[in-house]
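Residue numbers (the working numbering), protein chains in the order written: chain A, 1 to 285; chain B, 1001 to 1210.
Because the hints were derived from the structure by calculation, they are not lab data. Do not rely on the hints blindly, as some may be mistaken.
[Unchecked claim] To give an idea of the interface, some chain A residues facing chain B are shown, with a C-beta separation under 10 Å as derived from the structure:
# : residue
1 : D9
2 : N218
3 : L277
[Claimed, not checked] Calculated pairs, SDA-like style, for lysine to any residue (alpha carbon to alpha carbon, straight line, at most 20 Å):
#  : chain 1 : residue 1 : chain 2 : residue 2
4  : A       : K117      : B       : W1103
5  : A       : K147      : B       : T1037
6  : A       : K213      : B       : V1179
7  : A       : K213      : B       : P1165
8  : A       : K117      : B       : K1137
9  : B       : K1102     : A       : I111
10 : B       : K1102     : A       : Y156
11 : A       : K213      : B       : M1116
12 : A       : K50       : A       : S177
13 : A       : K213      : B       : D1173
14 : A       : K213      : B       : A1119
15 : A       : K157      : B       : T1037
16 : A       : K43       : B       : S1169
17 : A       : K43       : B       : K1137
18 : B       : K1137     : A       : L271
19 : A       : K284      : B       : K1137
20 : A       : K43       : A       : L271
21 : A       : K43       : B       : W1161
Even glycine gets a Cβ: it sits at the ideal position worked out from N, Cα and C.
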Amino acid sequence: MTKDNKPEDIWERLDRIPRHVFYTLLLGLMIVSLLVPLGLPIKVGAATRKFYDIVDAVPNDGVVVFDISFSPGADPELGPQFTAILHHVFSKPVRVLFTVFVQDGQMMLQIYLDRLKPETYGKVYGKDWVNFGYRAGGISAMAELAKDMTFFKTDYKGTPLSELAVMKGVKDYRDVSLIITVTTASGGLSSPEDWVQQWATPYKTPLLVAMLKMMIPNTLPYFEAGQVKAYMGGTDQAAEYELLVERPGKGLAYTDALTNVHLLVIAFVILGNVGYLVRQRRKKP
Amino acid sequence: MSEVLRKNVPLAITFLIGMVLFVEWFLAVPQIGVAGTALRDFGVTVSAFALGLGAINLFALHGGHIKARTKNQWIYSLALLAALLLFIIVGVQQGVQGSQYKWIYNNIIVPLSATMYGAIGFYIASGAYRALRARTKEATVLLITGVILLLRNAPIGPALWDGFPIIGSWIMDIVTTAVYRGIMMGSSLGILALGIRTLIGMERGYLGRE
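Using the sequences plus the hints, can you model the full thing?
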């Protein structure tokens, strides 16, 4: 650095790119990528394919417990995943039971149901799907639900579950074909670990987890042990799922931005290292 | 309050409840099963009460700040309580399906929360630029691993070269999982030890200050 706090040469500039320059470029690139999509190629990965295949293999009239445990903060990342999976599930002749164990989940579920409109898939509330609504109790409620699927007594509107056709023959975990959780929840509320502990391990109910990208390392041990059958994380996998269900959405729209931002970060990391290494070499006697 | 009521009774209740749930998990005794169900049911009810208690706590804490005009705080406390009251009034009046309630949620809460979360992305990107430097041998390994995983996670990575998902998956499935498994086993053993200590009355933190 010079006395007036300016970089001495180009190498120092590369080594110490100011935050505001980095942020501006990042923001600019994101905006341009979203406004002018390039349609960069993507490949459907094995993890997404496995998730899709398991959902697809649910037998006709099978029961899917679909847990929504994310808040608006995670919406940009989980919303596209949730939409694509929801589309897939509603396209199949299966029964869907929505559970919510975090406060915001009920509103997030409602937002997506309003957008997707189950009736356009020929799905009738009470006959093909039900929303249990938000239930406090987290892991305790989840455990009890496995033993008694009518544990909540009523749906979110207050209608007794015994009056709903969708609940016919659904008594306990043995009547559930699959659990899908779209979650950011921490332990005790409705985290992937909670579902592993309360359902997947004791009752061997197949469990699929859709989550934030950063949650994947935490969930991988359960996947490797077979307690989580498949997982999804991030908008890139949402985009892959959208390709599989042939329903382009926000996941694919975000793909270019995601790619470009990743490439920008890599470019900056390389430039930073070039600057750093040249400066280090010069310092050596 | 006597020592018995303050300490011994809660310890006895904890032990009894813990043992009922413990036995229920391992032995199929119908009577214990009924007791376990009742206890979990009770737990759900208590959790619902906890939400109300949280709201009361917010009013007590932030009401105090407003009353005392705490510097650089009271105005935020006022905004928080005003928003909380607005939500309570609209929610009680219309229910969560009400149009105004939905409007507030969809147009204020959702974008604000997403913005807060999205802003983290800038810090992470900037952090990656500053942290991923080949300063030492270990840092060089971190740098190479980081770049490979960035390319594995970028949608274009697998399209550029098939090797990125293979190497990236190996790092995630073998190296990362092994480390996480160790961390999880360690923390699980800790939880187990804490559970046993709580059951037998050696862990008394939940009783409050001595």
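The hints, checked one at a time:
1. The interface hint given for A/D9 is violated, since its Cβ lies 18 Å from the closest Cβ of chain B, which is over the 10 Å cut-off.
2. Given the 10 Å rule on beta carbons, the hint for A/N218 holds: about 6 Å separates it from the nearest Cβ of chain B.
3. Of the supplied interface hints, the one on A/L277 holds, with its beta-carbon coming within about 7 Å of a beta-carbon of chain B, less than 10 Å.
4. At roughly 18 Å between alpha-carbon atoms, A/K117 and B/W1103 fall within 20 Å of each other, so this suggested pair holds.
5. Annotation: proposed proximity of A/K147 to B/T1037 holds, straight-line Cα distance about 9 Å (limit 20 Å).
6. Pair hint A/K213 plus B/V1179 holds up; C-alpha atoms about 18 Å apart against a cutoff of 20 Å.
7. Note on A/K213 and B/P1165: the hinted pairing holds, with a Cα-Cα distance of about 15 Å set against a maximum of 20 Å.
8. Of the pairs offered as hints, the one joining A/K117 and B/K1137 is violated, with about 55 Å between alpha carbons and a cut-off of 20 Å exceeded.
9. As the CA atoms of B/K1102 and A/I111 are separated by approximately 9 Å, the hinted pair is consistent with the 20 Å bound.
10. Between B/K1102 and A/Y156 the CA atoms are separated by roughly 16 Å; this keeps the pair inside 20 Å, and the hint holds.
11. This hinted pair checks out: A/K213 and B/M1116 have alpha carbons roughly 17 Å apart, not beyond 20 Å.
12. Among the hinted pairs, A/K50 with A/S177 is consistent with the structure: their alpha-carbon atoms are about 16 Å apart, no more than 20 Å.
13. Restraint check for A/K213 and B/D1173: satisfied, since their Cα atoms lie roughly 14 Å apart, inside the 20 Å limit.
14. A distance of roughly 16 Å separates the Cα atoms of A/K213 and B/A1119; the hinted pair therefore holds under the 20 Å criterion.
15. A C-alpha spacing of about 25 Å is found between A/K157 and B/T1037, which places the hinted pair above 20 Å, so the restraint is violated.
16. Using a Cα cut-off of 20 Å, the hinted pair A/K43 and B/S1169 holds, with the two alpha carbons roughly 15 Å apart.
17. Of the pairs offered as hints, the one joining A/K43 and B/K1137 is violated, with about 34 Å between alpha carbons and a cut-off of 20 Å exceeded.
18. Under the criterion of a C-alpha separation no larger than 20 Å, the hint pairing B/K1137 with A/L271 is consistent with the structure, at around 19 Å.
19. At roughly 18 Å between alpha-carbon atoms, A/K284 and B/K1137 fall within 20 Å of each other, so this suggested pair holds.
20. Simply put, A/K43 and A/L271 have alpha-carbon atoms about 28 Å apart, too far for the 20 Å limit, and the pair is violated.
21. For the hint pairing A/K43 with B/W1161, the CA-to-CA distance comes to about 11 Å; that is within 20 Å, so the pair holds.
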